[in-house]
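K.L.:
Sequence:
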Amino acid sequence: MRGIEEEYGDKVEFEWRSFLLRPDPQKGRSLEKFAKYTQSWLRPAAEEDSGNFRVWETQHGPPSHSIPPHLLTKAARRVGGDAKAKAVSERLFEAYFAENLDITTTETMQAIWKECGLDEADYVHTADDDLLQEVLEDHREAMKFGVNGVPAIMLVGTDVAITGAHPRALYRRWIDRTIAEREGTV
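Quick note: the sequence shown uses this note's numbering, first residue 818, plus one each step.
Since the hints were derived computationally from the structure, they do not count as laboratory data.
Where hints are given, some of them may not hold.
Stated by the list, open to error - Distance ranges between label pairs, derived from CB positions:
1) Glu849 / Ala997: 44 to 52 Å
2) Thr923 / His983: 31 to 39 Å
3) Glu832 / Leu949: 13 to 21 Å
4) Arg999 / Asp947: 31 to 39 Å
5) His983 / Glu832: 15 to 23 Å
6) Arg994 / Asp936: 38 to 46 Å
7) Asp946 / Gly981: 28 to 36 Å
8) Glu907 / Pro842: 23 to 31 Å
We treat Cβ as the ideally placed atom computed from N, Cα and C, and that holds for glycine.
Using the sequences provided together with the hints, build the complete structure.
P.N.:
This is the structure in structure tokens:
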């Protein structure tokens, strides 16, 4: 999505929201099964501008659930605005998909927080119940629209979401058609 964001510039605006692939903590997940699952990452890795994806090769356990990284991003937005939230989000993706780190551990999240230039004292916001409620509300709203995976893209003024990793060309067609309709050129 970052490539689409750059390609279209100010014609499109992304509002990143939370969707919890694993809403509840699941302790004791099998590292072996998880590593096997990550082989599915090779498909999106082959797509244009996909980012770095690596089959899980470390001894770091699989993340326990989705909430902690979402809280980290929301807290970064609260204390540092959209730019810091974007930096944290991108760093989380890199840590998880390319470095095979468990992004639900306090150690990893604090390291990312610091790497993104956020004040250590502000890390306490990740435990804020209001932010947890925002994460849960984002998730509930997505579920209302039938979202069941990520990424999920929804255009303002529509009630249709495209869910899952798709070729960039699909997003281009959808965005171009919507822009043309709004400009009256269709």
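K.L.:
Taking the hints in turn, state whether each one holds.
P.N.:
A quick look at each hint next to the structure:
The given range of 44 to 52 Å is respected by glutamate 849 and alanine 997, whose C-beta atoms sit roughly 49 Å from each other. At roughly 34 Å, the beta-carbon separation of threonine 923 and histidine 983 lies within the given 31 to 39 Å, and the hint holds. Range check, glutamate 832 to leucine 949: about 19 Å between beta-carbon atoms, so the 13 to 21 Å window is met. In this structure the supplied range 31 to 39 Å holds for arginine 999 paired with aspartate 947, their Cβ-Cβ distance being about 35 Å.
Between histidine 983 and glutamate 832, the C-beta spacing of about 19 Å keeps the proposed range 15 to 23 Å intact. A hinted range of 38 to 46 Å holds for the C-beta pair arginine 994 and aspartate 936, which are about 44 Å apart. Range check, aspartate 946 to glycine 981: Cβ separation about 31 Å, and the 28 to 36 Å hint holds. At roughly 25 Å, the beta carbons of glutamate 907 and proline 842 sit within the given window of 23 to 31 Å.
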